[in-house]
Amino acid sequence: MVRKLSESKYIVAFTITFLFFLTGLLIGVTMSNYRVQSLETFSELQRLEYDSLQLQYQYLSSLIMEEENCPALMSALEVNLANLEKARMKLEGYISRVESDKDQYMVLKRDYTLAEIRYWFLLNEVKGKCDIDVVSIIYFYSIDSTCKSCDTQGLILNELKDEFKDKLLIFALDLNFDEAMIKILKESYGVKIAPSLIIDGSLVEGFIKRDDLLNKLCENYEKEVDAC
Amino acid sequence: MIITFISLVIWLIYLVSLFYAVFWLLVFLEKGLGVESKNNISSYPNVSIAIPAYNEENTILKTLTSVINLNYPKNKMEIFVINDGSIDDTERIVKNFIDNNKNLNVNLINQENCGKGAALNVALKNAKGDLFICLDADSVVDRNALMDIIPEFVDEDVGAVLPMMRVNNPKRLIEKLQWFEYLLSFFYRRLTGQLNCIHVTPGPFGSYRRKVLLDLGGFDTNNLTEDLEIALRLQKNNYKIVQSTSSFVHTVAPATFVSFYKQRRRWYKGILFNLLFKHRDFLFNKKYGDLGMIQLPVIVLSGFLTLLLSFILLQNAIVPFFSRIISLSSIHFDYGFLFREFINNFTFLDISLMNLVLFGTLFSLAVFVFFLSHKYTKEKPLKFGIFTLIPYIIIYPLMLYLVWVGVFFELLFGINGRW
Numbered sequence: 001m002v003r004k005l006s007e008s009k010y011i012v013a014f015t016i017t018f019l020f021f022l023t024g025l026l027i028g029v030t031m032s033n034y035r036v037q038s039l040e041t042f043s044e045l046q047r048l049e050y051d052s053l054q055l056q057y058q059y060l061s062s063l064i065m066e067e068e069n070c071p072a073l074m075s076a077l078e079v080n081l082a083n084l085e086k087a088r089m090k091l092e093g094y095i096s097r098v099e100s101d102k103d104q105y106m107v108l109k110r111d112y113t114l115a116e117i118r119y120w121f122l123l124n125e126v127k128g129k130c131d132i133d134v135v136s137i138i139y140f141y142s143i144d145s146t147c148k149s150c151d152t153q154g155l156i157l158n159e160l161k162d163e164f165k166d167k168l169l170i171f172a173l174d175l176n177f178d179e180a181m182i183k184i185l186k187e188s189y190g191v192k193i194a195p196s197l198i199i200d201g202s203l204v205e206g207f208i209k210r211d212d213l214l215n216k217l218c219e220n221y222e223k224e225v226d227a228c
Numbered sequence: 001m002i003i004t005f006i007s008l009v010i011w012l013i014y015l016v017s018l019f020y021a022v023f024w025l026l027v028f029l030e031k032g033l034g035v036e037s038k039n040n041i042s043s044y045p046n047v048s049i050a051i052p053a054y055n056e057e058n059t060i061l062k063t064l065t066s067v068i069n070l071n072y073p074k075n076k077m078e079i080f081v082i083n084d085g086s087i088d089d090t091e092r093i094v095k096n097f098i099d100n101n102k103n104l105n106v107n108l109i110n111q112e113n114c115g116k117g118a119a120l121n122v123a124l125k126n127a128k129g130d131l132f133i134c135l136d137a138d139s140v141v142d143r144n145a146l147m148d149i150i151p152e153f154v155d156e157d158v159g160a161v162l163p164m165m166r167v168n169n170p171k172r173l174i175e176k177l178q179w180f181e182y183l184l185s186f187f188y189r190r191l192t193g194q195l196n197c198i199h200v201t202p203g204p205f206g207s208y209r210r211k212v213l214l215d216l217g218g219f220d221t222n223n224l225t226e227d228l229e230i231a232l233r234l235q236k237n238n239y240k241i242v243q244s245t246s247s248f249v250h251t252v253a254p255a256t257f258v259s260f261y262k263q264r265r266r267w268y269k270g271i272l273f274n275l276l277f278k279h280r281d282f283l284f285n286k287k288y289g290d291l292g293m294i295q296l297p298v299i300v301l302s303g304f305l306t307l308l309l310s311f312i313l314l315q316n317a318i319v320p321f322f323s324r325i326i327s328l329s330s331i332h333f334d335y336g337f338l339f340r341e342f343i344n345n346f347t348f349l350d351i352s353l354m355n356l357v358l359f360g361t362l363f364s365l366a367v368f369v370f371f372l373s374h375k376y377t378k379e380k381p382l383k384f385g386i387f388t389l390i391p392y393i394i395i396y397p398l399m400l401y402l403v404w405v406g407v408f409f410e411l412l413f414g415i416n417g418r419w
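For the record, the sequence lines run as chains B and U.
With this note's numbering applied, the first sequence corresponds to residues 1 to 228, in that order.
With this note's numbering applied, the second sequence corresponds to residues 1 to 419, in that order.
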């Protein structure tokens, strides 16, 4: 028997495989562009929403702050923050998955981080003027492997948010993210590790169990809350 | 860095699998399986059938009976049972059988236990037939099994012919899973045989030209898988190995996971030993055509990729799976919340389309081959119902994969010596 080498089939098979991968790659790049685009559009919208809220607040506080205006302002803030959180989590998911081209995601992340902090400021100002029974949490997380309990802590916070609804506002910040404003917040509250929570201004360091956190939150409400 | 390495491995797996699948698909489209062609028998060659037996008291009689019932001139057949130092009743049963069938040429050779390869060589030394056929003592042949093999030997280049193997009377799930595998392996061997790429001549009813076996020096007596080794040597000497399309042999498949693991462990070790050490000159050697350039390298590579995949799975699926369970327990498995969260956050942008499409393509190809094999063998794909197919798709690959991992650990850490 004379042995043969099916060279032509190697070439055809390789070409088909290559074309297949190329198509896949192109689809992948297109998808990734769509992802960035949708996140960018969202961040533009967020900025507009924030400006609008800021203006509402300024206008209302320059007059006499009317109590009846507070709920509308608050619910707008709450909705915006929830949307921001959703987008932020999506972004973190993408960041953990993509290997190249992280830069454009990082710019977005900085944008989102600042948005979180802006909303937090705004909430504090509104709280000063309005009589609203809302608790705020700043959640310092970390995406590297040093924080093993961050996934669980994040899940617990999401679940509690789901229970408290608009009575609880959560602002999530990446502890190790290179952003001056985060460093300032860390220093002023003495935050060193992730996960850490700042609940209405007081620091809780390290992982906190769901039920313990629930109890802590309940102490901070003036009136009775359904979730407690 | 780790992510890059992992995705590299995953892409490599996709690349190799896709290339390999496309290659054989091209062969299939061009040549088909060639099941139509059939030569007529002009004469009946003399046939020697060798049955090595080690503690086979339960099955040997059935095997022998099926052999003497073969539709073939009895004066052209000689049968050797090589009792490989059995400590059970095998010897007495075979002796009785010989006494009851004095008109037939059945011989018993007793030897101290020295393995299947040695047993076959003893039979080979005594055999006089033109063809030398090995039969495991736990297998049963169809009446026409021999008759259907003969025409394949008309081609002078053919050194060995393989029957179609069937799992005998599958009852337990694990046996049914192997039933599918044996059925598919027919398709696989028939197709790879189109380019002379068959690398193993399995024990039950593997038929050889006796002269060729003698020229090659018989079976390797110190090999875990002498059936794989002899096939490689046949290939090395440019003999054709042909998968028969109509000759059936029914063999016993391991019925427990432990015995399954032991059997596969031996096979995989045999593959690695013979391809990485004894016959490593096959790999990427143009002299051996497609067998050396694509078939054997892919077999070895797929073993290594399986190992890498196991670490990746551990790190990226199994560990995260359990830590997720722990996380969920921290919120007391609040399903309502989880469901709402999933619905709220799901977008199609999150799906990794590339993985989905690649996996889908390979999976469709597998389904295609599955149905084709059933069509060619005229078996019903749903012979055991749909609920056997699901574990075949999900559990069976994991079982095979577990064996590869075990074998590699033995290779790396040198446990359990014999290689």
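In short, the hints are calculated from the structure, not lab data.
Quick caveat: nothing in here was measured; it's all calculated off a predicted structure.
Idealized CB from N, CA, C, for every residue including glycine.
Be aware that a few hints might be false.
[Claimed, not checked] Covered, in the sense of this in silico footprint (three residues per stretch, anywhere, with C-beta under 8 Å from a C-beta of chain B), are these stretches of chain U: (1) 23-29; (2) 42-49; (3) 234-241; (4) 285-298; (5) 385-398.
[Said to hold, decoys possible] Over the 12 Å line for every Cβ pair with chain B, so calculated as not near, a few chain U residues: (6) Leu-15; (7) Val-16; (8) Phe-19; (9) Asn-113; (10) Gly-117; (11) Trp-267; (12) Leu-275; (13) Phe-311; (14) Arg-324; (15) Thr-347; (16) Ile-351; (17) Ser-352.
[Unchecked claim] Distance ranges between label pairs, derived from CB positions: (18) B:Arg-110 - U:Lys-31: 52 to 62 Å; (19) B:Asp-133 - U:His-332: 51 to 61 Å; (20) B:Lys-165 - U:Phe-346: 53 to 63 Å; (21) B:Leu-25 - U:His-332: 39 to 49 Å.
Against the structure, the hints:
Counting residues of the stretch 23-29 of chain U whose beta-carbon sits less than 8 Å from any beta-carbon of chain B gives 3, enough to reach three: the coverage restraint holds. Counting residues of the stretch 42-49 of chain U whose CB lies closer than 8 Å to any CB of chain B gives 0, so the stated coverage by that chain is violated, three being the minimum. Check result for the stretch 234-241 of chain U against chain B: holds, 3 residues qualifying (beta carbon to beta carbon below 8 Å, three or more required). With 8 residues carrying a beta carbon less than 8 Å from a beta carbon of chain B, the stretch 285-298 of chain U meets the three-residue requirement, and the given coverage holds.
For the stretch 385-398 of chain U, the stated coverage by chain B is violated: 0 residues have a C-beta nearer than 8 Å to a C-beta of that chain, whereas at least 3 were required. The claim that Leu-15 (chain U) is not at the interface with chain B is violated, since a C-beta of that chain comes within 12 Å of its own (minimum 7 Å). Look at Val-16 (chain U): its CB is around 9 Å from the nearest CB on chain B, not clear of 12 Å, so calling it non-interface is violated. The Cβ of Phe-19 (chain U) sits about 5 Å from the closest Cβ of chain B, inside the 12 Å cut-off, so the non-interface label is violated.
Consistency note on Asn-113 (chain U): stated as away from chain B, and its beta-carbon is indeed over 12 Å from all of that chain's, at 37 Å minimum. At the 12 Å boundary, the C-beta of Gly-117 (chain U) stays outside the reach of chain B, the nearest C-beta of that chain being 25 Å off. Even its closest Cβ contact with chain B, about 26 Å, leaves Trp-267 (chain U) beyond 12 Å, as expected for a residue assigned away from the interface. No beta-carbon of chain B comes within 12 Å of the beta-carbon of Leu-275 (chain U); the shortest separation is about 18 Å.
Look at Phe-311 (chain U): its CB is around 17 Å from the nearest CB on chain B, clear of 12 Å, so calling it non-interface holds up. The Cβ of Arg-324 (chain U) does not lie farther than 12 Å from every Cβ of chain B; its closest approach is about 8 Å, which violates its non-interface assignment. For Thr-347 (chain U), the requirement that its beta carbon stay farther than 12 Å from each beta carbon of chain B is not met, with the minimum near 8 Å. Not every CB of chain B is more than 12 Å from the CB of Ile-351 (chain U) (nearest about 9 Å), against its label as outside the interface.
With a cut of 12 Å on Cβ distances, Ser-352 (chain U) falls inside the contact zone with chain B, its closest approach being about 8 Å. Taking 52 to 62 Å as the suggested C-beta distance range, the pair Arg-110 (chain B) and Lys-31 (chain U) conforms, at roughly 60 Å. Hint check: Asp-133 (chain B) to His-332 (chain U), Cβ distance near 26 Å, so the stated range 51 to 61 Å is violated. Separated by about 21 Å at the C-beta atoms, Lys-165 (chain B) and Phe-346 (chain U) break the suggested range of 53 to 63 Å.
Distance hint for Leu-25 (chain B) and His-332 (chain U): a CB-CB separation of about 43 Å, consistent with the stated range 39 to 49 Å.
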